[in-house]
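Asker: In order, the protein sequences belong to chains Y and C.
No gaps in the numbering here: position 220 of the first sequence is 220 in this note's numbering, and each next residue is one more.
No gaps in the numbering here: position 241 of the second sequence is 241 in this note's numbering, and each next residue is one more.
To be clear, the hints were calculated from the coordinates, so they are not data collected in a lab.
On a predicted model such as this, the values are computed, not experimentally measured, just so you know.
Be aware that one or more of the hints could be misleading.
[Said to hold, decoys possible] According to the in silico footprint, chain C covers these stretches of chain Y (three or more CB under 8 Å from chain C):
1. 132–139
2. 283–291
3. 305–316
4. 402–411
[Claimed, not checked] If we take Cβ atoms under 10 Å as the criterion, some of the chain C residues that face chain Y in the derived model are:
5. Leu77
6. Ala117
7. Leu131
8. Ile220
[What the hints assert, rightly or not] Covered stretches of chain Y (chain C as the covering partner; in silico rule of three or more C-beta atoms under 8 Å from a C-beta of chain C):
9. 355–368
10. 418–431
Cβ coordinates follow ideal geometry from the N, Cα and C atoms, glycine included.
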Amino acid sequence: MAHTHADHAGHGHVHDEHAHGPERGIMRWIKTTNHKDLGTLYLWFSGIMFVIGGLMSLGIRLELFHPGLQYMDPETFNQLTTMHALVMIFGGVMPAFVGLANWQVPLMIGCSDLALPRVNNWGFWILPFAFTLLLSTFFLPGGAPAAGWTLYPPLVLQTGNSFPLLIFAIHLMGISSITGAINIIVTILNMRAPGMTLLKMPLFVWSWLITAYLLIAVMPVLAGAVTMLLTDKYFGTSFFNAGGGGDPVMFEHIFWFFGHPEVYIMILPAFGIISTIVPTFARKPLFGYASMVYALASIAFLSFIVWAHHMFTVGIPLAGELFFMFSTMLISVPTGVKVFNWVATMWKGSMSFETPMLFAIAFIFLFTIGGFSGLMLALAPVDFQYHNTYFVVAHFHYVLVPGAVFAIMAAIYYWIPKWTGVMYNETLGKIHFWWSAIFINVIFFPQHFLGLAGMPRRIPDYAVQFTDFNEISSIGAFLFFIGQFIFIYNILRCALFRKGLKPAAARVWEGAHGLEWTVPSPAPYHTFEDPPQEVDTETPWVAGHPAVAH
Amino acid sequence: MPNLSPATARALRRLIAPVLAGSCCAARAADTMDNAYWNMPKGVTQISHEVWWLHMFAFWICVVIGIGVFGVMFYSLFAHRRSRHPVPAQFHENTTVEIVWTIIPFLILIVMAVPAAGTLIKMYDTRDSDLTVRITGYQWKWQYEYVGQGVSFFSTLKADANAARQLGSGIDPATVPNYLHDVDRPLVLPVGKKVRFLLTSNDVIHGWWVPDLAIKKDAIPGYINEMWTKIDEPGTYRGQCTVLCGRDHGFMPIVVKALPEAEFEQWLAQEKSAAAAGTPPAAETPPAPAAAPSSSGSAPGAAADQPAAVDPPSHDP
Numbered sequence: 001m002a003h004t005h006a007d008h009a010g011h012g013h014v015h016d017e018h019a020h021g022p023e024r025g026i027m028r029w030i031k032t033t034n035h036k037d038l039g040t041l042y043l044w045f046s047g048i049m050f051v052i053g054g055l056m057s058l059g060i061r062l063e064l065f066h067p068g069l070q071y072m073d074p075e076t077f078n079q080l081t082t083m084h085a086l087v088m089i090f091g092g093v094m095p096a097f098v099g100l101a102n103w104q105v106p107l108m109i110g111c112s113d114l115a116l117p118r119v120n121n122w123g124f125w126i127l128p129f130a131f132t133l134l135l136s137t138f139f140l141p142g143g144a145p146a147a148g149w150t151l152y153p154p155l156v157l158q159t160g161n162s163f164p165l166l167i168f169a170i171h172l173m174g175i176s177s178i179t180g181a182i183n184i185i186v187t188i189l190n191m192r193a194p195g196m197t198l199l200k201m202p203l204f205v206w207s208w209l210i211t212a213y214l215l216i217a218v219m220p221v222l223a224g225a226v227t228m229l230l231t232d233k234y235f236g237t238s239f240f241n242a243g244g245g246g247d248p249v250m251f252e253h254i255f256w257f258f259g260h261p262e263v264y265i266m267i268l269p270a271f272g273i274i275s276t277i278v279p280t281f282a283r284k285p286l287f288g289y290a291s292m293v294y295a296l297a298s299i300a301f302l303s304f305i306v307w308a309h310h311m312f313t314v315g316i317p318l319a320g321e322l323f324f325m326f327s328t329m330l331i332s333v334p335t336g337v338k339v340f341n342w343v344a345t346m347w348k349g350s351m352s353f354e355t356p357m358l359f360a361i362a363f364i365f366l367f368t369i370g371g372f373s374g375l376m377l378a379l380a381p382v383d384f385q386y387h388n389t390y391f392v393v394a395h396f397h398y399v400l401v402p403g404a405v406f407a408i409m410a411a412i413y414y415w416i417p418k419w420t421g422v423m424y425n426e427t428l429g430k431i432h433f434w435w436s437a438i439f440i441n442v443i444f445f446p447q448h449f450l451g452l453a454g455m456p457r458r459i460p461d462y463a464v465q466f467t468d469f470n471e472i473s474s475i476g477a478f479l480f481f482i483g484q485f486i487f488i489y490n491i492l493r494c495a496l497f498r499k500g501l502k503p504a505a506a507r508v509w510e511g512a513h514g515l516e517w518t519v520p521s522p523a524p525y526h527t528f529e530d531p532p533q534e535v536d537t538e539t540p541w542v543a544g545h546p547a548v549a550h
Numbered sequence: 001m002p003n004l005s006p007a008t009a010r011a012l013r014r015l016i017a018p019v020l021a022g023s024c025c026a027a028r029a030a031d032t033m034d035n036a037y038w039n040m041p042k043g044v045t046q047i048s049h050e051v052w053w054l055h056m057f058a059f060w061i062c063v064v065i066g067i068g069v070f071g072v073m074f075y076s077l078f079a080h081r082r083s084r085h086p087v088p089a090q091f092h093e094n095t096t097v098e099i100v101w102t103i104i105p106f107l108i109l110i111v112m113a114v115p116a117a118g119t120l121i122k123m124y125d126t127r128d129s130d131l132t133v134r135i136t137g138y139q140w141k142w143q144y145e146y147v148g149q150g151v152s153f154f155s156t157l158k159a160d161a162n163a164a165r166q167l168g169s170g171i172d173p174a175t176v177p178n179y180l181h182d183v184d185r186p187l188v189l190p191v192g193k194k195v196r197f198l199l200t201s202n203d204v205i206h207g208w209w210v211p212d213l214a215i216k217k218d219a220i221p222g223y224i225n226e227m228w229t230k231i232d233e234p235g236t237y238r239g240q241c242t243v244l245c246g247r248d249h250g251f252m253p254i255v256v257k258a259l260p261e262a263e264f265e266q267w268l269a270q271e272k273s274a275a276a277a278g279t280p281p282a283a284e285t286p287p288a289p290a291a292a293p294s295s296s297g298s299a300p301g302a303a304a305d306q307p308a309a310v311d312p313p314s315h316d317p
C-alpha cells in the first residue's frame with residue numbers, strides 16, 4: 001500500500017522540508033528531485049516544444065502550399081526544416097518519453113523514486129537551457145542552422161554564427177539523455193519490488209530498459225561526430241575534408257550509427273505504451289509476453305547493424321549495400337511479430353474504445369503503414385528512386401506522428417487520471433482523436449505520391465505538377481494543428497483547472513493491471529516508500545493469477 | 001521477369017496488372033499503374049523497368065499483408081467489442097503461432113530479397129561502357145564533361161524559371177514551361193549506348209537523379225562515384241539535385257536529352273569543333289577549370305563560410 005505523509009511521520013522519519021507536502025512556488029520546481037514532479041516538468045517542456053516545432057512545420061507547409069516563393073527566402077526555409085526536426089526529435093518526442101518514464105517506471109516497479117534523484121533534476125534542467133541556446137540562433141545574424149538535422153559536412157561547415165551554439169546544444173541534450181538513461185537502468189535493475197522478476201515487469205518498463213541501453217550506446221557517438229565537426233570548422237582538423245585526408249562519408253557513417261538506433265529510441269517506449277493500453281481495454285492479458293520482450297530486444301540489437309540504409313546512394317561497395325539491405329529487411333520480422341501479438345491480444349477480448357484505446361488502435365494501423373513504406377525503402381535498388389524524396393518524408397512522419405506521438409497522447413490520456421485525480425473529458429478526447437487521425441493522413445498520405453512522382457526533400461519550391469498534393473498536405477497540416485488545441489484544453493483542465501471534473505478512482509480503468517493502479521488517484525507525492533505486496537496479483541501474464549487459466 | 005525485354009515485360013504486365021489491380025480493364029490498369037501523378041515512372045531503361053517492377057512487387061505484397069492483418073484487426077474490433085463479446089478469453093500465449101508468424105514473414109522477405117539483389121548487382125556493373133561523362137556538382141549548378149572528347153559545360157537553371165522563383169517575383173510559375181525542371185544546356189546522351197558517369201563535387205555533397213533512368217547517386221567532394229545507364233528511347237528526361245546543398249538546393253535541376261546515336265555523334269562533333277575554335281555556343285556560361293578529384297577536396301576544408309564555386313551571375317537574387 002502507498003503511504004501518505006502522516007504514515008511517514010508515524011514511522012519516526014523526520015522530513016522537515018516536506019512535513020506539510022512539497023515546497024511551494026517556483027523553487028519547488030527548480031529544486032525538485034521527485035520523479036513525479038520531474039515527469040511533469042519533462043511533459044510540460046515537451047508540450048511547449050511540440051507547439052514550437054509545430055509552428056515551424058506550419059511555416060514549411062505554408063511556403064509549400066503553392067509553387068513559387070511567397071513568404072520566405074530559401075535560406076530561411078532551410079533553417080525551418082532543420083530546426084523543426086531538431087526541436088521535434090530532441091525537444092518533443094524524447095523528453096515526452098523520458099517524462100512518461102519518470103512518472104511511471106517507479107510506480108510500475110513499486111519503488112519510491114529513481115535511483116539518482118538529484119541527477120534526474122539536473123538532467124531535466126539542462127534541456128530548457130539547451131533549447132534556449134538552440135532557438136536563440138534564429139535571432140543571430142545569419143540565422144539558425146540550415147544544413148538539415150543530419151548536419152552533413154561540408155555543407156554544415158558553411159553555417160555561420162549559430163554553429164557553436166548548435167554543437168553545444170546537442171552536447172547538452174546528449175548529456176541529459178545519457179544521465180537519464182543511466183538513472184533508468186540502475187533503477188530498473190536494482191529497485192524492483194521483491195517478487196518482480198525481470199520477466200514479470202510491465203512491458204513499458206522493459207521497453208524503457210532497452211531504450212536506455214540504446215541511449216547510452218549511441219548518444220556518445222553523436223557527441224563524437226559533432227565534436228569532429230567543431231574541430232574541422234575551428235581547429236584545423238580534416239576529419240571530413242578529402243583535401244586533408246578525410247572523408248565526408250565518414251561523418252554519414254558515424255552520424256547514422258547514432259541516427260538509426262535513435263529512431264528506435266523514439267519508438268520502443270511507444271511499443272511499451274501500446275502493450276500496456278491494449279490489454280487494459282481488451283480486458284485480456286497481453287498475448288505472447290515473452291515474445292514481445294524478445295522482439296524488443298531483437299529490434300534493439302538489429303538497430304545497430306542497419307545504419308547505412310540511410311546511405312544507399314553514397315557509393316558504398318556492393319557487398320556493404322547488400323548487407324545493409326538484408327539486415328534492414330530483417331527488422332520487419334520482430335516488428336511484425338509485435339503487431340500480430342497486439343492483434344492477438346484484442347482477439348476474443350472484450351473491448352471498449354475510450355480515448356487511449358482509440359489512439360492505440362490508430363497507432364497499430366498507421367505505424368504499420370509506415371512500416372510498409374519502410375520495407376519498400378529497404379530494397380536498395382528501389383531506394384535509389386525513393387531516397388531523399390517525399391516518399392521518405394511520408395515514411396518517417398507516419399512512424400513518428402501516428403506512431404510515436406499518438407502513443408504519447410494515448411499514454412497521457414491513459415495516465416493523467418492517475419497523475420491528477422480527475423477524469424479528462426471523454427467526449428473532447430474522442431473529438432481530438434478523430435480530428436487527429438483524419439488530418440494526419442491528409443497531411444502525409446499524399447506525400448507518398450509526391451515522392452514517387454519525383455519531388456525531392458528539403459526544397460522550398462517545386463515544379464507545378466506537384467501542386468495538388470502539396471496543397472492537400474498543407475491544408476491538412478493547418479487543420480491538424482488547430483485540432484491539438486482540444487487536447488491542450490483537455491489536459492490543462494485536468495492539470496490546473498480541475499473544478500467540476502469527475503474524480504478518478506485508484507483503478508481508473510476496469511481492465512488495468514499494474515502496481516500504479518494500487519495507489520490512490522492522484523498518486524501521493526511519495527509512493528511505495530515501503531515495498532508493495534501485490535506484485536503477483538498485478539501481473540496477469542504470470543501463472544497463479546486468478547484470472548489466468550493455464 | 002527482370003530478364004525480359006521492355007516490350008515483352010510491358011505486354012506481360014498488361015496481362016497481370018488487372019489481376020493485381022483487381023480492375024477489369026487491362027490497358028487502363030497498366031496506364032494507371034504507370035501514371036506519374038500517383039506512381040513512380042516506369043522509365044526508359046531496362047534497369048528502370050526492373051526497379052519499377054520491384055517497387056510494384058513490394059507494394060502489392062504490403063497491400064496483401066495489410067489487408068490480412070488489418071482485416072483480422074477490424075473484424076476483431078467489431079466482433080469482440082464489449083457489447084457483443086462481454087466475457088473476454090484469457091489465453092495469452094502460443095509458442096507454435098509465434099514460430100509460424102516469425103517464419104512466414106521471413107520467407108516473404110527472401111522472396112523479395114532475391115530479385116532485389118539481382119537488380120542491385122546489375123546496377124553496380126559499370127564495365128564495358130561506350131561513353132564516359134564526368135558530372136561535377138557545384139553550388140548551385142552541374143558541370144558535364146565528356147571524358148576524352150574535349151567537351152564540357154555548365155548546366156544551370158533556365159533564366160525564365162530563375163526569374164519566376166525569386167521571392168515575391170509576381171510571376172506565376174504555371175506560365176513557365178517545365179518550371180524548375182529546365183536548364184540552359186542539357187546533358188545530351190546517345191540512345192542504345194552504355195554511358196558511364198563519374199560523379200563528384202566541387203564543394204558540398206550534392207545528389208544527381210533522373211527518375212526516368214532510375215539512377216541516383218551522391219556527388220561527394222574529393223571522391224568519385226560511378227553509375228551507368230543505357231537509354232532505350234529518345235526523349236527529354238528531367239531530374240533534380242537530391243542532397244541538401246545550401247540555399248539553392250531546389251534550383252539546380254538536371255535535364256538529359258537522349259538522341260539517336262547518329263544525331264548524338266553529330267551534336268558531339270559540333271560541340272568539339274566549337275570548343276576547339278574557342279567559340280562557345282550562345283547559351284553556355286564561361287566554364288570553370290575542370291576540378292581534378294584530388295584538388296576538389298581542398299575548398300570545403302578551408303573553414304570557409306562562403307561557397308567555393310565559380311558563380312555565373314544568374315543565381316543572385
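Asker: Each hint needs a verdict: does it hold in this structure or not?
Answerer: Okay, the hints, checked on the actual structure:
Proximity of the stretch 132–139 of chain Y to chain C, defined as three or more residues with a beta carbon under 8 Å from a beta carbon of that chain, is not established by the 0 residues found. Proximity of the stretch 283–291 of chain Y to chain C, defined as three or more residues with a beta carbon under 8 Å from a beta carbon of that chain, is established by the 9 residues found. Check on the stretch 305–316 of chain Y: 3 of its residues sit with their Cβ under 8 Å from a Cβ of chain C, so the three-residue criterion for coverage holds. Using a Cβ-Cβ cut-off of 8 Å, 0 residues of the stretch 402–411 of chain Y lie near chain C, which falls short of the minimum of three, so the contact claim is violated.
A hinted interface residue such as Leu77(C) counts as satisfied when its beta carbon comes closer than 10 Å to some beta carbon of chain Y; here the least separation is about 7 Å, so the hint holds. This hint holds: Ala117(C) has a C-beta 6 Å from the nearest C-beta of chain Y, less than the 10 Å allowed. Using the Cβ-Cβ criterion of 10 Å, the hint placing Leu131(C) at the interface with chain Y is not satisfied: the shortest such distance is roughly 20 Å. Among the interface hints, the one on Ile220(C) holds; its C-beta lies about 6 Å from the nearest C-beta in chain Y, closer than the 10 Å criterion.
With 4 residues bearing a CB less than 8 Å from a CB of chain C, the stretch 355–368 of chain Y meets the requirement of three and the coverage assertion stands. Counting residues of the stretch 418–431 of chain Y whose C-beta lies closer than 8 Å to any C-beta of chain C gives 0; at least three are required, and the coverage claim is violated.
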